[in-house]
Amino acid sequence: MAEEKKKELPEDVKARLKAGFDLEWRKELRKSMPAKERARIPRQKMPERPAEVRSSDFGEVNQGLPAAAALLEAKRCLDCPNSPCVAGCPVAIDIPSFIKLIEKGEFEAAARKLKETNSLPAICGRVCPQEVQCEAVCTMKKAAGTPVAIGNLERFAADYEREKGKVVIPALPSSTGKKVAVFGAGPAGLTVAGDLAKAGHQVTVFEALHTAGGVLVYGIPEFRLPKRILEAEVDYLRKLGVELRMNFVVGRTATLDDLKEGGYQAFFIGTGAGLPNFMKIPGENLVGVYSANEYLTRVNLMKAYDFPNYDTPMLLGRKVAVIGGGNVAMDSVRNAKRLGADWAAIIYRRSSEEMPARLEEIHHAEEEGIEFHYLQAPTKFIGDERGRVKAMECLKMELGEPDSSGRRRPVPIKGSEYVKEVDLVVMSIGQSPNPLIGQTTPGLKMGKWGNVDVDWKTMATNLPGVWAGGDIIRGGATVILAMGDARTAAAEMDRFLRG
Amino acid sequence: MAKILRRERLVPNLHVLEVSAPEVARKSLPGQFVMVMPDERGERIPLTIADWDREKGSVTAVFMTVGTTTHKLARLSAGDEIPVFVGPLGKPSDIQNYGTVLLAGGCFGIAAIYPIARALKEAGNKVITLIDVKAGYLLYWEEKLRKVSDRFLVSARDHRFATKDYVPAKIKSLLAEGAKVDRAVAIGCTYLMYSACEATRPAGIKTMVSLNPIMVDGTGMCGACRCAVEGKTRFACVDGPDFDGHAVDWAELFARRKSYLDDEIRSLCYWERTQLAPCA
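Sequence lines, in order, name chains A and B. Sequential numbering of the first sequence, starting at 1, is according to our numbering. Sequential numbering of the second sequence, starting at 1001, is according to our numbering.
Quick caveat, the hints were computed from the structure, so don't treat them as lab data. Please note that the accuracy of each hint is not assured.
Stated by the list, open to error - Partner residues aside, some chain B positions facing chain A, computed with beta carbon under 8 Å: (1) M1037; (2) S1077; (3) E1081; (4) D1158; (5) V1229; (6) G1231.
Said to hold, decoys possible - Calculated from the model, a selection of chain B residues having no Cβ within reach of chain A, i.e. all distances over 12 Å: (7) V1016; (8) D1039; (9) E1040; (10) E1043; (11) G1067; (12) L1076; (13) L1089; (14) Y1140; (15) A1169; (16) G1178; (17) R1201; (18) I1214; (19) T1233; (20) E1252; (21) S1259.
Note that the Cβ used here is the ideal one computed from N, Cα and C, for glycine as well.
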C-alpha cells in the first residue's frame, strides 16, 4: 500500500546476531561439517498428504518434517557470518541461532529462540511466503540452488514444543500498571498483545467477531492452518495475562476516546482488511457471486462445510471460477474443490510470472487439479431467471508495458471475448481497509485508500498514544508483514509507556 | 456471553428479546442493529434495535420466527445466555426536524420504527405512524407507538379496522386527502418497504428504508450485505442500513435475500428433527 520501509537491520539486532555467531558451540558446530558437505545434503521434502485424498477433506496438507529430516535440514544451514536471511525476515528472527539449536538437537530451545522475536512461529512456519523473504536471500540458495527450508524448520520447532507440552510461560516482569488497548485480534493485534504483556503491561484485546484470530480464523483454511494451532497460540497469550474481549466493535461498542476515558494509555489499531473489492462489472451482485472474504468466512469461521450440523449455509458450485491470483484466491479455489466442485479454476489477468500467491500454494493447487487460466478477466456475469449466476464473459489479455507496481500491465485483446458456464464465482481481487475506525475516530489521519496513515519508522499515527499496523495500514498484505508492523509498534509503545 | 433478561411471544410468530448488554445500550441510537448468534453452532443474523434502557443496561429487539436462528431464539428464556450479541452496528438513522414524517412499519418493523418515531417526535416533527398487520390480533406495541405519534393509523385486512388496506393504498389515500408529508420511513419485510417506496415516489417524498440483506460478520468485512443503491454497490452494514428507498435496486435485493431459501428450509427441518424434544 504506502511506501514500505527499506529493511536495514538495527545495530542492536546486528550485535545480538554477532554474539550468537561467536558462541563456542556455534563455532564447533560450524567446524563439525565442511560447507561443501552441507551443500551436498538435498533439501528435505515436506511430507504432505496425497492430493487425491486431501482434496476432498479439510485436514492439513503438510504433515511437518520428522525429527530426522529436520536435523538433516538444519545441517544444510552454513551458519554464514552475514546471515542475509535475518534481514529478509519482517520480524528479524535470529534464524541461524534457532536452526543451529535444531542441529544440536535442542528443539525446545530452538522454539524459545524463535519466540524471542516471533510470538506465533507455528503459524508463520505455515503461512509465510518464505520464498520471497528469508529463503530468497539464503546463501545456500546461491551455493546449491535450493535454500535452507527455514519455514519448515520454524514450523518443526514450534510444533515440537507444543505437541510435547513443553510450552513454558516466561517469567513476567512486575506489572507496570499501564493499560493498553489493542483493536483487533488478528496477527498484528495478537503480536502487539504478546510483546506488551511480556513487557509487564496490562493488555486488553478488543475483537469484533466471536473468535480470536482475525484472518487466521476467518480467512486461512483449516487445510493450511489448523484452528487448534491458533487456539494454542491464543491460549498462550491468555496465560501471559492478556485479556481478550470478543464481540466488541471499537468505534461502535465504544470509541477510542471512550476507552481513553476508561483509563487506557496506549492504543494499537489492528482492525485489518475490510470491505472486499469488486470489479464494478455487470452481474457482480448476482446470487452465486461471492467475495473471497464471505466465501472463506462461511467455511472457516461459520463452518458452513458442516451444514446442517452448523446453521450457516453456503452455495456450492460444480463449476467454480475464482477471480484473482493471490493467496486468498488459492485458498478459495482449493476450498471449492474440497466442497465438491468438478471444475475449479483461477482466472488471473496477468501471467503466472506475476502471480502473487505463495509458490507452495500454487503447487498444491495444481496437484489438486485446480486449473489456471492466465491472461484473462471477466467482463460480466450472466444470471438465470432467478438471479443466480450461470455464466461469465471473459476477455483475453496480453502483457504490455510495466505499470506502477513494476509488473507488466495486462492489455485486453479486442474481440477475444468468450463465454464460460459457471455456477459459482469468488471475487478475490483484494480489499480495502476496514472503514469503521476511520469513520468513528475524529482526528485520526487517513490515507487516500481509506487506510490509517502512519509513520513507517514507528507505526505511530498522527494521534498521540495511538499506533497502527497490518492490513488497516497496508490494505491487503501478509500475516508476517502485519506482525512486523506490530513488533515495531510494540517496541515504540513500550518506550512511550515507560517514558 | 450475553444474558437474556426477557423473551416473550408478543403475537403469533413475533417475539421480543431483551438482553443484558450495558455497552451496547450506552451507544444505541435509532436505526442501528445488533448481530446475534443463538448458540455455538448458530448463524450470525442482524436484528434491528427496537429499544434500549441505558440505566438497566439492556437492549431490546423484536424478531419473527422464520428460520433456524429465530426459532432457536424463540425458545430462550430469561437467564439463558447467547454467545454473540454485538453492536450497535450500522449508521444511526438521520434525525432532524423535517416537518411531518410518515413512518410505516410491519412485522418486526412495527418495533423497529419505535425508536425512530420517538426521536423524530423529540426533534419536533409531526409523526404519522402507519402500522401494517394482517389482522388485528397481530398488532403489538400500539400504546407505546401512540405515545410518540401525532396520528396513528393501521392498515389491516380484518373486521376490527373495517378496512382491507395495505400500506401503499393507505399512503395514497393519506396523500389524496391532502396530508402534507415531508419525509417517510418504511421498515419491515422487503415487500412492505418496496411498496411503500412505490407509493411515495409519485409525490417525490424522500423515503428512507432500513435494508435487510443477508449478513455474516456485520462489521464491514465480508461483503455479503451489498446492495445496489443509485447504481452503486453499497454495504448495508457500514454504509447503511438506511438508504433512500427510491434509489434501491429492489429486484436485486429480493433475489439476494432468497439466496439460501432451500438451505434455510433444510436447516430448520434438520433442527426440528434432531434437536427438538417431541411435543408432549
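Consistency of the hints with the structure:
Here the hint on M1037/B is kept, as its CB sits about 6 Å from the closest CB of chain A, short of 8 Å. The restraint placing S1077/B at the interface with chain A is violated, with a minimum CB-CB distance near 20 Å, outside the 8 Å limit. The beta carbon of E1081/B comes no nearer than 12 Å to any beta carbon in chain A, farther than 8 Å, and the hint placing it at the interface is violated. Below 8 Å, beta-carbon pairs count as interface contacts, and D1158/B has none with chain A, the closest being about 34 Å; its hint is therefore violated.
A distance limit of 8 Å between C-beta atoms decides the matter here; for V1229/B the minimum to chain A is near 11 Å, and the interface restraint is violated. At about 10 Å, the closest approach between the beta carbon of G1231/B and any beta carbon in chain A exceeds 8 Å, and the interface hint on this residue is violated. With a least CB separation of 21 Å from chain A, V1016/B remains clear of the 12 Å interface cut-off, as annotated. Not every beta carbon of chain A lies more than 12 Å from that of D1039/B, the smallest distance being close to 9 Å; the non-interface claim is violated.
A beta-carbon of chain A is positioned within 12 Å of the beta-carbon of E1040/B; the least distance is around 9 Å. At roughly 4 Å from the closest C-beta of chain A, the C-beta of E1043/B falls inside 12 Å, breaking its exclusion from the interface. Annotated as non-interface, G1067/B brings its C-beta within 12 Å of a C-beta of chain A; the closest such distance is 8 Å. With a least CB separation of 15 Å from chain A, L1076/B remains clear of the 12 Å interface cut-off, as annotated.
Once the 12 Å rule is applied to beta carbons, L1089/B is inconsistent with being away from chain A; the minimum gap is 6 Å. The beta carbon of Y1140/B is kept farther than 12 Å from every beta carbon of chain A, the shortest such distance being approximately 27 Å. Residue placement check: A1169/B keeps its beta carbon more than 12 Å from all beta carbons of chain A (closest about 28 Å). At the 12 Å boundary, the C-beta of G1178/B stays outside the reach of chain A, the nearest C-beta of that chain being 40 Å off.
With a least beta-carbon separation of about 22 Å from chain A, R1201/B lies farther than 12 Å from that chain, consistent with its non-interface assignment. With a minimum CB-CB distance of about 10 Å to chain A, I1214/B fails to clear the 12 Å threshold, and the non-interface call is violated. With a least beta-carbon separation of about 6 Å from chain A, T1233/B fails to lie farther than 12 Å from that chain, contradicting its non-interface assignment. Listed as outside the interface, E1252/B is inconsistent with that label: its C-beta sits roughly 5 Å from the nearest C-beta of chain A, within the 12 Å cut-off.
Against the 12 Å criterion, S1259/B falls within the reach of chain A, whose nearest CB is about 5 Å from its own CB.
Of the numbered hints stated above, those contradicted by the structure are hints 2, 3, 4, 5, 6, 8, 9, 10, 11, 13, 18, 19, 20 and 21, listed in ascending order.
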